[in-house]
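Please build the complex by placing chain D on the supplied structure of chain P, with the hints as guidance.
Chains as they are written, first to last, in my numbering: chain P, 1 to 313; chain D, 1 to 294.
Simulated from the structure, these hints should not be mistaken for laboratory data. Everything hinted at is true.
Taking lysine to any residue pairs in the SDA-like style, the calculated list, with each CA pair at most 25 Å apart, reads:
1. LYS201(P) x VAL276(D)
2. LYS96(D) x GLY105(P)
3. LYS183(P) x LYS96(D)
4. LYS273(P) x GLY115(D)
5. LYS127(P) x THR272(D)
6. LYS127(P) x SER271(D)
7. LYS201(P) x PRO286(D)
8. LYS183(P) x ILE94(D)
9. LYS201(P) x ASP98(D)
10. LYS96(D) x ARG191(P)
11. LYS96(D) x VAL287(P)
12. LYS201(P) x ARG285(D)
13. LYS127(P) x TYR266(D)
14. LYS183(P) x LEU195(P)
15. LYS183(P) x HIS99(D)
16. LYS127(P) x ALA267(D)
17. LYS127(P) x ASN228(D)
18. LYS273(P) x TYR119(D)
19. LYS4(P) x LEU15(P)
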Amino acid sequence: MNNKTAVGFVLLVLLGLVAPYTGAYPIFLMKALCFALFACAFNLLLGFTGLLSFGHAAFFGTAGYAAAYSIKAWGFAPELGILFAVTTAALLGWAIGSLAIRRQGIYFAMITLAMAQMIYFICLQAKFTGAEDGLQGVPRGKLFGYFNLEDDIAMYYMVFANFMIGFLLIYRTVHSPFGQVLKAIRENEARALSLGYDVDKHKLLAFVISAALAGMAGATKTIVLGFETLTDVNWPQSGEVVLMTLIGGIGTMFGPVVGGFFIVTLENELADKVGSWVQVIMGAIFVICVLAFRRGIVGELTALFGRKKDVAV
Amino acid sequence: MEIFGVPIQAFLGQLLLGLVNGSFYAMLSLGLAVIFGLLNIINFSHGALYMMGAYVAFLALDLLGLGFWWSLALAPLIVGGFGIIIERLLMRWIYKLDHLYGLLLTFGLALIIEGVYRYFFGVSGQPYPVPDALRGATDLGFMILPNYRAFVVLASLIVCLGTWYVIERTRLGAYLRAGTENPQLVQAFGVNVPLMVTLTFGFGVALAAIGGVLAAPVIQINPLMGSNIIIVVFAVVVIGGMGSILGSILTGLGLGVIEGLAKVYYAEASSTVVFVIMAIVLMVRPAGLFGKEK
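So here's chain P without its partners, still in its complex pose (with noise of 0.2 Å):
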């Protein structure tokens, strides 16, 4: 860990231990923290090993609706919820990564995207999503049987943990020899190949990683939030990660966490103000960051701040 990243780890976990007592909204707080991780995750693959999948809210959503359903209609705990949601996660990753990986760049968007649009119409029609009313009325329960999430605070202090883990997980992953590889394959795939790498399994392995952090973060969503519906399974919301990546900065480890916490601040201040104008916001947004903020915010201070940074992608 070099000196500029080590400072940002500390930067993040202060922040992130005296939020709740900013006079931040909590429940703020939490949604942006799940984000946050949810655009790791997503940042992982993107970043990480150059595979852009359009299709994340299906994991998002989906172990939403797992750990939705289980605590409510099973009575499981917190963490066995949010243990199963990821376990479902991981395991969609794994169908949906292994056809995924059979066609490369383009097609490999465009596969991952219709996949979950096939996903989001089994929960459309399945009985045990709700439907269009989705799952209401979850309640927190308590975690480990001993705290009791329904207050602001102890929960707060869950999703903060839930984040670190999958923060750490993700820069554990990237730092090791098998991230190194992630990144050969990044580089050129076909190098990596003729090196004697099994670059499909590689590419799988980190596939599932990533489908089962962002499923950890859409279950904590869900058990902050208290209820699932179909809009964390719709297309729109894949879009949505893949901007928090893209103006946090692709590749980059704090890009992500800023991104997420960007997106769902504009969103939150906007949603009253302009109505329906959002949507044209993030797109305009989407336009302008490809043409000419491509590094993003963290990828443009990083080189602001003189150390040569190779842009992902």
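Using the frame of chain P, we list chain D on its own:
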């Protein structure tokens, strides 16, 4: 008479409806393939531009009193022109980048276009009348054929096959195919490649707009119609592969028919059947039915 327990009238009716939907899939996937060939961009905004085509028809009738046939001529020009502006202003800058940025840029455009239409028209559907000349139905003896639906299938076949002819059999098409293979070389021969790129994009967009006008009388026009269809069209493109024009047309029509038949026999599966087929094709023949194995 029944086919597998379904009255033949219902069976043929859904088959025709499937062909109608398939016609739209074919036209949209053809446009995507033509654009991808030369620009190396998968145009996510293709669905939004198809939706714009339908709204040109709606607005032309509502504001100017211009009927269906006028719209069929106007929509490709207006929306195609809009496409050309987009290409000149925005896409020009990202050709040298990774393909993925093209997808992201056009995704952003799709959000903008859809958002603006949602603001002005809400999300409820607008009806559009079937043109007078094509009202009613013809009794073929074994089925009642709604004239307009037959016209849609026929019109889109003519448009698609016309496109195939231009690309595969004319001099202009030869430039286009050469440009797809090696743009630098074609430019060295004195062909204005940037202009060709612009016009190709405009043409692909015009195809989407024609699709939108044709769709207007059979579906409810609404701002979301584009994003609903584009994801299915992506699956169609993955299934067919973008290598062959006739392949795109066949895959589009074929999947429309399969979707229609799914509605007859197992309605719950009709919205997912295309994706299931995509998964199977990926397992058996990853390059797509008509794609070239790399």
